[in-house]
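Asks: The lines below spell out each chain.
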Amino acid sequence: GDSVTQMEGPVTLSEEAFLTINCTYTATGYPSLFWYVQYPGEGLQLLLKATKADDKGSNKGFEATYRKETTSFHLEKGSVQVSDSAVYFCALDSGYSTLTFGKGTMLLVSP
Amino acid sequence: GAGVSQSPSNKVTEKGKDVELRCDPISGHTALYWYRQRLGQGLEFLIYFQGNSAPDKSGLPSDRFSAERTGESVSTLTIQRTQQEDSAVYLCASSLGDRGHEQYFGPGTRLTVT
Chain A
12 GDSVTQMEGP VTLSEEAFLT INCTYTATGY PSLFWYVQYP GEGLQLLLKA TKADDKGSNK
72 GFEATYRKET TSFHLEKGSV QVSDSAVYFC ALDSGYSTLT FGKGTMLLVS P
Chain B
5 GAGVSQSPSN KVTEKGKDVE LRCDPISGHT ALYWYRQRLG QGLEFLIYFQ GNSAPDKSGL
65 PSDRFSAERT GESVSTLTIQ RTQQEDSAVY LCASSLGDRG HEQYFGPGTR LTVT
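Residue numbers (this note's numbering), protein chains in the order written: chain A, 12 to 122; chain B, 5 to 118.
Worth flagging that the hints you see were computed from the coordinates, not collected in a lab.
From the three backbone atoms N, C-alpha and C, an ideal C-beta is built for every residue, glycine too.
Accuracy of the hints is not assured; some may be wrong.
Claimed, not checked - Across the chosen pairs, the derived CB separations fall in these ranges:
no.: 1; chain 1: B; residue 1: 21; chain 2: A; residue 2: 69; range: 44 to 52 Å
no.: 2; chain 1: A; residue 1: 53; chain 2: B; residue 2: 61; range: 24 to 32 Å
no.: 3; chain 1: B; residue 1: 45; chain 2: A; residue 2: 50; range: 15 to 23 Å
no.: 4; chain 1: A; residue 1: 20; chain 2: B; residue 2: 61; range: 31 to 39 Å
no.: 5; chain 1: A; residue 1: 65; chain 2: B; residue 2: 77; range: 35 to 43 Å
no.: 6; chain 1: A; residue 1: 53; chain 2: B; residue 2: 16; range: 19 to 27 Å
no.: 7; chain 1: B; residue 1: 70; chain 2: A; residue 2: 90; range: 44 to 52 Å
Just need the whole structure built from these sequences, with the hints factored in.
Replies: The following block contains the structure:
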């Protein structure tokens, strides 16, 4: 079945550091890929998505590229801020109507 | 407009009691999803409603779990005879349709079974 694997957290960075959160997936066919973010005390929000191979999703300075050859969708940001502290979830939609989520990676950014 | 709302935000119950969790989706969203998020785990799909179609119940972990939805509005997730392993955050999401449409999540209900 479908599955998503993310790097375990927490990831602890200083402000302005470079961020990478790894995500790999297993799915049949050609899934759509997503990153969701959950800020403290809030619900999950869609951060970015990519629907086909080599697509790059981007939002709020975050980027992720759909790599079919490596079945990956790593999240990157060049310079993190304290306000980016949150839990980040990688997810896929392989067409069965529901999303398959990774376990989430907590990011903690200190000033 | 208003987002997805859930109530209660927190629920503490004794083992063996029944609980009801409520979700109000975004108006006009035909699809509604329930997920469970255990501590340190990803989101587990529970059940999916799409319009007037029969719900997809394939994610419900046992027959103690059930859910209803009235038309394209409110949904209630019921857990009967709660067990400690039911302790989790229960998340509801809604979307305009199914595949390819963004799911909008509520803030969740944190259930603690003592």
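Asks: Does each hint hold? Answer for all of them.
Replies: Going down the list of hints, with the structure as the test:
1. Residue 21/B and residue 69/A have their C-beta atoms about 47 Å apart, which keeps the hinted 44 to 52 Å range intact.
2. Range check, residue 53/A to residue 61/B: Cβ separation about 28 Å, and the 24 to 32 Å hint holds.
3. For residue 45/B paired with residue 50/A, a C-beta distance near 19 Å keeps the hint of 15 to 23 Å intact.
4. Between residue 20/A and residue 61/B the beta carbons are some 32 Å apart, a value that agrees with the proposed interval 31 to 39 Å.
5. A C-beta distance of roughly 40 Å is found between residue 65/A and residue 77/B, which places it inside the suggested range of 35 to 43 Å.
6. Hint check: residue 53/A to residue 16/B, Cβ distance near 22 Å, so the stated range 19 to 27 Å holds.
7. The hinted range of 44 to 52 Å is satisfied by residue 70/B and residue 90/A, whose Cβ atoms lie roughly 48 Å apart.
The structure shown violates none of the earlier numbered hints.
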